[in-house]
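Chemist: For this one, chain E is given, so just place chain Y on it according to the hints.
The chain contents come next:
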Amino acid sequence: MLPTLLSQIVNGLVLGSLIGLIALGYTMVYGIIQLINFAHGEIFMIGAYGGLAMFTYLLPTFVQQQWYLALPLLLLAGAGVSVGVALIMERFAYRPLRNAPRLAPLITALGVSVALQEGVRVFYPGATAALPFPKVFVQGTWAIPVPGGTVPLRWTGLLIIVVSLVLAFALNSFVNNSRMGRAMRATSQDRDVARLMGIDPDRVIVLTFVLGATLAGVAGILYGADLGFINIDIGFQNGIFAFTAAVLGGIGSIKGAVAGGLSIGLIKALGGQYLPGGTAYDYVWIFVVLIAVLVFRPQGFFGETERVRA
Amino acid sequence: MTTTLEKAPAPTPEPRGRLAPVAPYASALQIAGGALTLIGALLPWATFVLNEGPYPEKATLEFFTAPLAVTGFRLHLVLFGIAAIVLSLVTVPARGRMLQGLGWGVVAVTLANTLYLVAEGGGLGTITAADGAVAFGPIVALVGGALIVLGGSARRREDKPVWAWRSNRYVEWAILLVTYVLLLLLVAAVLTSGGQGTAANVYSGAVFLSFLGAVGGLLAALQASGLLTWIAAVSERHRLFSVVVLLFVALALPLTQAGTEYWMTVAANIGVYAATAIGLNIVVGLAGLLDLGYVAFLGIGAFVAANLSGAAAAQFDIEVPFPLVMVISAVVAGTFGAVVGSPTLRVRGDYLAIVTLAFGEIFVRSSQNNIGGFTGGSNAIPGIPPVSAFGNDFNDELIIGSVELPRGALYYVLIVLIVAAVMLVFGNLKNSRLGRAWIAIREDEDAARAMGIRTGPVKILAFMIGATIAGFAGAFFAHKTGTVSYESFKFLESVTLLAAVILGGMGTIPGAVLGASILFVLPEKLREFADYRLLLFGIALILIMRFRPQGLVPDSHRRAELAPDSGVPPTPGTAAKAAAS
Numbered sequence: 004m005l006p007t008l009l010s011q012i013v014n015g016l017v018l019g020s021l022i023g024l025i026a027l028g029y030t031m032v033y034g035i036i037q038l039i040n041f042a043h044g045e046i047f048m049i050g051a052y053g054g055l056a057m058f059t060y061l062l063p064t065f066v067q068q069q070w071y072l073a074l075p076l077l078l079l080a081g082a083g084v085s086v087g088v089a090l091i092m093e094r095f096a097y098r099p100l101r102n103a104p105r106l107a108p109l110i111t112a113l114g115v116s117v118a119l120q121e122g123v124r125v126f127y128p129g130a131t132a133a134l135p136f137p138k139v140f141v142q143g144t145w146a147i148p149v150p151g152g153t154v155p156l157r158w159t160g161l162l163i164i165v166v167s168l169v170l171a172f173a174l175n176s177f178v179n180n181s182r183m184g185r186a187m188r189a190t191s192q193d194r195d196v197a198r199l200m201g202i203d204p205d206r207v208i209v210l211t212f213v214l215g216a217t218l219a220g221v222a223g224i225l226y227g228a229d230l231g232f233i234n235i236d237i238g239f240q241n242g243i244f245a246f247t248a249a250v251l252g253g254i255g256s257i258k259g260a261v262a263g264g265l266s267i268g269l270i271k272a273l274g275g276q277y278l279p280g281g282t283a284y285d286y287v288w289i290f291v292v293l294i295a296v297l298v299f300r301p302q303g304f305f306g307e308t309e310r311v312r313a
Numbered sequence: 011m012t013t014t015l016e017k018a019p020a021p022t023p024e025p026r027g028r029l030a031p032v033a034p035y036a037s038a039l040q041i042a043g044g045a046l047t048l049i050g051a052l053l054p055w056a057t058f059v060l061n062e063g064p065y066p067e068k069a070t071l072e073f074f075t076a077p078l079a080v081t082g083f084r085l086h087l088v089l090f091g092i093a094a095i096v097l098s099l100v101t102v103p104a105r106g107r108m109l110q111g112l113g114w115g116v117v118a119v120t121l122a123n124t125l126y127l128v129a130e131g132g133g134l135g136t137i138t139a140a141d142g143a144v145a146f147g148p149i150v151a152l153v154g155g156a157l158i159v160l161g162g163s164a165r166r167r168e169d170k171p172v173w174a175w176r177s178n179r180y181v182e183w184a185i186l187l188v189t190y191v192l193l194l195l196l197v198a199a200v201l202t203s204g205g206q207g208t209a210a211n212v213y214s215g216a217v218f219l220s221f222l223g224a225v226g227g228l229l230a231a232l233q234a235s236g237l238l239t240w241i242a243a244v245s246e247r248h249r250l251f252s253v254v255v256l257l258f259v260a261l262a263l264p265l266t267q268a269g270t271e272y273w274m275t276v277a278a279n280i281g282v283y284a285a286t287a288i289g290l291n292i293v294v295g296l297a298g299l300l301d302l303g304y305v306a307f308l309g310i311g312a313f314v315a316a317n318l319s320g321a322a323a324a325q326f327d328i329e330v331p332f333p334l335v336m337v338i339s340a341v342v343a344g345t346f347g348a349v350v351g352s353p354t355l356r357v358r359g360d361y362l363a364i365v366t367l368a369f370g371e372i373f374v375r376s377s378q379n380n381i382g383g384f385t386g387g388s389n390a391i392p393g394i395p396p397v398s399a400f401g402n403d404f405n406d407e408l409i410i411g412s413v414e415l416p417r418g419a420l421y422y423v424l425i426v427l428i429v430a431a432v433m434l435v436f437g438n439l440k441n442s443r444l445g446r447a448w449i450a451i452r453e454d455e456d457a458a459r460a461m462g463i464r465t466g467p468v469k470i471l472a473f474m475i476g477a478t479i480a481g482f483a484g485a486f487f488a489h490k491t492g493t494v495s496y497e498s499f500k501f502l503e504s505v506t507l508l509a510a511v512i513l514g515g516m517g518t519i520p521g522a523v524l525g526a527s528i529l530f531v532l533p534e535k536l537r538e539f540a541d542y543r544l545l546l547f548g549i550a551l552i553l554i555m556r557f558r559p560q561g562l563v564p565d566s567h568r569r570a571e572l573a574p575d576s577g578v579p580p581t582p583g584t585a586a587k588a589a590a591s
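Chains E and Y supply the protein sequences, listed in that same order. 51 is the number that the numbering used here gives to position 48 of the first sequence; each next residue is one higher, with no gaps. 221 is the number that the numbering used here gives to position 211 of the second sequence; each next residue is one higher, with no gaps.
Check before you lean on any hint, since a few could be wrong.
Said to hold, decoys possible - Below are the EDC-like pairs computed for lysine to aspartate or glutamate, each with C-alpha atoms no more than 20 Å apart in a straight line: (1) Y:K440 / Y:D454; (2) Y:K500 / E:D236; (3) Y:K440 / Y:E130; (4) Y:K500 / E:D285; (5) E:K138 / E:D229.
These aren't lab readings, by the way, just hints derived from the structure by calculation.
The shape of chain E in the complex, shown without the other chains (with noise of 0.2 Å):
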């Protein structure tokens, strides 16, 4: 009963650590520009598969036996690619739409995901089905002895959730003290006034979509390391998911996209153990939540509770 709960409650903070890394992403973007990039998920999914393709086509044998040589490369390579795709699709595709109105970047946001999507699919060779991922971590369980059994704990589950507090803290940092950080605050609360203090709200938002592609990417890999296969939906799925705790936690706010992250992986992994319909309905509670969250408590967690949403 209790080793039940606990690694339930495991499980939850692995995938929710992971979904926060990538909600990061969406609550800065949304911070700036005030758009909710839909195609977030999908650099995440192209970091999986920029690190694989690494693993694949670029590195030598002996590289790929010593994962401590081959993780550090993957999510360079991960980041890397995420964030190429990322300057890309900034560039071509959401600056052009600035100043339209706002159902247009929205549409253009979807276009993008599925585009994305696709485009893996048609070019990666192998991309029509799940594509196995490397073992870039050491493999096996630490089991966390409780009362009345052990909490399996996979050592690859643990990177993740390190990775991610490290990650989710060095960001909190840049923003709230360095001077980048700074322009990207006061971008968020007025681009106008920041542009006559200044700032290039440009150079901000390009810093915006390569920080939250950096991250995504790294979380691509460390999904791909987890799980040990990806596929083209992951992107998709955990990027709603990630939307989700992102409002859930408060948009616009670090802390909120981690503590929303968190939620969203225990709600899905104790909901699908003990919610009626169990795994199978796990999905539907995450989006029963959202609903609830944005009706009742639009702000989130942490938002600000003075907010025109127009």
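Modeler: Same frame as chain E, but now just chain Y:
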């Protein structure tokens, strides 16, 4: 036809800077372009026979030996080339614009064929010189098309001429009748061009695209000449006549060359999505509420109809007559629409879009898990009997006197009537008090509320009516396809419907129908590009929002709202947003 043309009062502007040097040679360029197009059409188009068999229109002939017997895309090119030469010699108002249209038509036709030849033939050798044969047709025609466009652009810009010609009622009726019959023939030709894409008919996609390019060029030229605007004005003068005749013309499609079982099925499927798109147009186009889970209502309608159809897998063991089923499906879907719409009371803008997406996903997940046994889960609900009337199944062929209607024609007739009814509802709603309230909410919700519109109920009504229409179409869909599976109602379908509305033009009836037709005909035609379908679709969405956000048939209100450069002052909502961001 004698026409009186209103002279533009202002002097025509000079050609734009970069093209000014070529302006004196515009006519020469066009004649050269037209001649090259003609020559290109008659040259060989491929150096060898492709693996799949000879390319249509004898493209591998050494030289075309019988210039009077050209067919297919070669015929289009020949006609366009002659038209370009004639237009550059004869002074016609706005011929520069017309020539541009023709030129782009030539370019489109040539590119469609060339790209296909190059891709299938495996390299540029296909269209230049290989295996001791030469085939420069595509390149010559492409240069010709480019020259025509260049010459057309270099001419002095003239305003589109306004045709003010009027006649008595019967003459105008006759003109309209002829126009609509031509329209029917054109639609039938577009639908059937290239034939059914199968393993035996691999070139259907390329032929279809080429035909589409020719039609596009022709329409652009006609539009530039002011003819289409004039026809539109005439049909506006005789609105009732036009509506009635168009309905009959639409019903006459089974009598054209499109009257086979396959094309009837395709047309009926288009009809289902057209009706659904019009429903979505109420929510998105009129009320401005982005709905990303709209296809769920089509699904709800279909599943309700499936369960009431007496199919073996149905939850209820009764067979309700079809008209009643349609009503029940519509009512159930409408009820769900009100439920999904209720968050609009508190949620706005893109957050609302996410709420609707969440509802849509809940529907997909639940029906995938066979919730309550109503949806059959991954087994779907198969074996739904066809609609029958007077002891006659709707998917049988029908012989009335000497006229033989193909299988599926009755379904086609039924869906045309449904679409017509939905259009009628949409048109009346748009001009009603409710429709004006929706448009006001779309433009600025706070201002609308200040003007005394009760925004809450009005918004929920938009969702409800949109969902009702989708439920209506869903009932038809269930009986037409015979199998209802959750697979047909996934997120991507919602996006496709949304794209249909946007591509056609938000808030207009022809727009929704046109958009749905394009998005659901293309995959049917481009079977050999099936792998790239969604990729192209996503890119198309991006390009539309970038270059033509108002869609193919823009709504006048919407145009002002979506084109920030048009000089119209921004609506208060966008101004407030700009200040807030």
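Chemist: All the hints need checking, so say for each whether the structure fits it.
Modeler: Now the hints, each set against the structure:
Among the hinted pairs, Y:K440 with Y:D454 is consistent with the structure: their alpha-carbon atoms are about 17 Å apart, no more than 20 Å. Our distance criterion of 20 Å between C-alpha atoms is met by Y:K500 and E:D236, whose separation comes to about 13 Å. Among the hinted pairs, Y:K440 with Y:E130 is inconsistent with the structure: their alpha-carbon atoms are about 48 Å apart, more than 20 Å. Of the supplied pair hints, the one linking Y:K500 and E:D285 holds, its CA atoms being roughly 18 Å apart against a limit of 20 Å.
The suggested pairing of E:K138 with E:D229 holds, with an alpha-carbon distance near 8 Å, which does not exceed 20 Å.
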